[in-house]
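Trainee: What follows is each chain in one-letter form.
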Amino acid sequence: MMDITQNYFEFLALPVTYQLDLQALSERSRELQKTLHPDRFSHLSDRERRLSVQYTAYLNEAVATLKHPLSRAQYLLKLKGLDTFSESQVQLDPMFLIQQMELRESLEDIASAADPEAELEQLRQTVEQEMKSLREQFDRYYQQSTPSAYEAAAVCVRKMQFIDKLGREIEVLEDQLFDE
Amino acid sequence: MAYSEQVIDHYENPRNVGKMNDQDDNIGTGMVGAPACGDVMRLQIKVSDDGVIEDAKFKTYGCGSAIASSSLVTEWVKGMTLDQAQELKNTTIAEELALPPVKIHCSVLAEDAIKAAVADYKEKQAKK
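Residue numbers (the numbering used here), protein chains in the order written: chain A, 67 to 246; chain B, 633 to 760.
No wet-lab data here; the hints were simulated from the structure.
Warning: the hint list may mix true and false statements.
[As the list claims (entries may be wrong)] Below 25 Å or equal to it, Euclidean Cα-Cα: the simulated SDA-like pairs (lysine to any residue) are: (1) B:K651 with A:K133; (2) B:K759 with A:D175; (3) B:K721 with B:C695; (4) B:K651 with A:I164; (5) B:K651 with A:D175; (6) B:K678 with A:E168; (7) A:K133 with A:E202; (8) B:K756 with A:D230; (9) B:K651 with A:L239; (10) B:K651 with B:P733; (11) A:K146 with B:A668.
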């Protein structure tokens with residue numbers, strides 16, 4: 067029986083880990099979706115049908131959260147009592163902010179560059195590299211499983227949030243420049 | 633979400649966008665960011681020998697409210713003393729721009745930025 071008081075990992079019968087097997091995630095999700103299909107509930111009571119709707123919503127939320135590396139990291143920290151989903155007041159490393167400012171400035175300059183396509187590609191690679199190294203750092207801290215390591219993992223998450231936003235802005239610019 | 637007229641005005645005609653040399657002794661630079669929305673803001677002040685802010689510049693990558701908040705702050709702090717600038721409250725900014733509750737954090741970011749700029753300037757002076 068499904069239980070929505072379980073966390074997303076437990077609900078999907080997956081190990082609680084950052085290095086999640088995405089293949090297993092989509093397989094488990096498909097299996098659960100099959101058992102939750104509304105047609106299978108047509109003969110059931112209102113209460114049971116309501117439950118199936120609840121399970122489906124929980125399943126969708128779980129899959130969406132665990133699939134994305136950033137929200138998966140945030141969710142793991144939330145399970146440890148650190149909520150990075152809605153915080154706004156945090157101290158950030160000034161060097162990191164300067165770097166973010168510079169990356170955004172170069173993104174802004176791309177539209178008027180001689181070869182925007184090449185520069186955009188280069189910037190995208192920089193952003194991907196940065197994201198990859200933050201994910202690795204996060205996982206190392208997370209696995210240390212101490213309060214101070216979780217704090218350090220939260221710092222990685224905050225940085226990932228900026229990089230993630232920049233990545234989305236790169237995609238938007240890409241669409242604007244080349245998808246005519 | 634609808635922006636107020638004041639926000640649109642600052643967004644469409646941002647005041648004092650730019651950069652000053654952050655290596656100069658009379659320049660204070662404040663860098664802040666909001667992870668939840670990925671916004672980054674740089675606010676700089678140029679301070680005269682008698683402690684008055686002569687000029688201010690900003691650059692903000694973020695939503696309209698964040699741009700408007702920092703633009704407004706650069707307008708306000710010109711002519712202020714460092715102490716006056718440090719006392720600037722986000723509530724005053726939010727009120728002037730008629731920011732809705734979900735955008736209050738943008739005015740907090742601008743307050744943090746001016747405080748950081750003043751602190752950076754003071755730190756530079758102390759090192760001299």
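Trainee: Hint by hint, say whether it matches the structure.
Mentor: Here's how the hints hold up against the structure:
| no. | hint | result |
| --- | --- | --- |
| 1 | B:K651 with A:K133 | violated (40 Å) |
| 2 | B:K759 with A:D175 | violated (35 Å) |
| 3 | B:K721 with B:C695 | holds (20 Å) |
| 4 | B:K651 with A:I164 | holds (13 Å) |
| 5 | B:K651 with A:D175 | holds (15 Å) |
| 6 | B:K678 with A:E168 | holds (21 Å) |
| 7 | A:K133 with A:E202 | holds (16 Å) |
| 8 | B:K756 with A:D230 | violated (33 Å) |
| 9 | B:K651 with A:L239 | holds (24 Å) |
| 10 | B:K651 with B:P733 | violated (30 Å) |
| 11 | A:K146 with B:A668 | holds (19 Å) |
The structure does not agree with the numbered hints 1, 2, 8, 10 stated previously, though it agrees with the rest.
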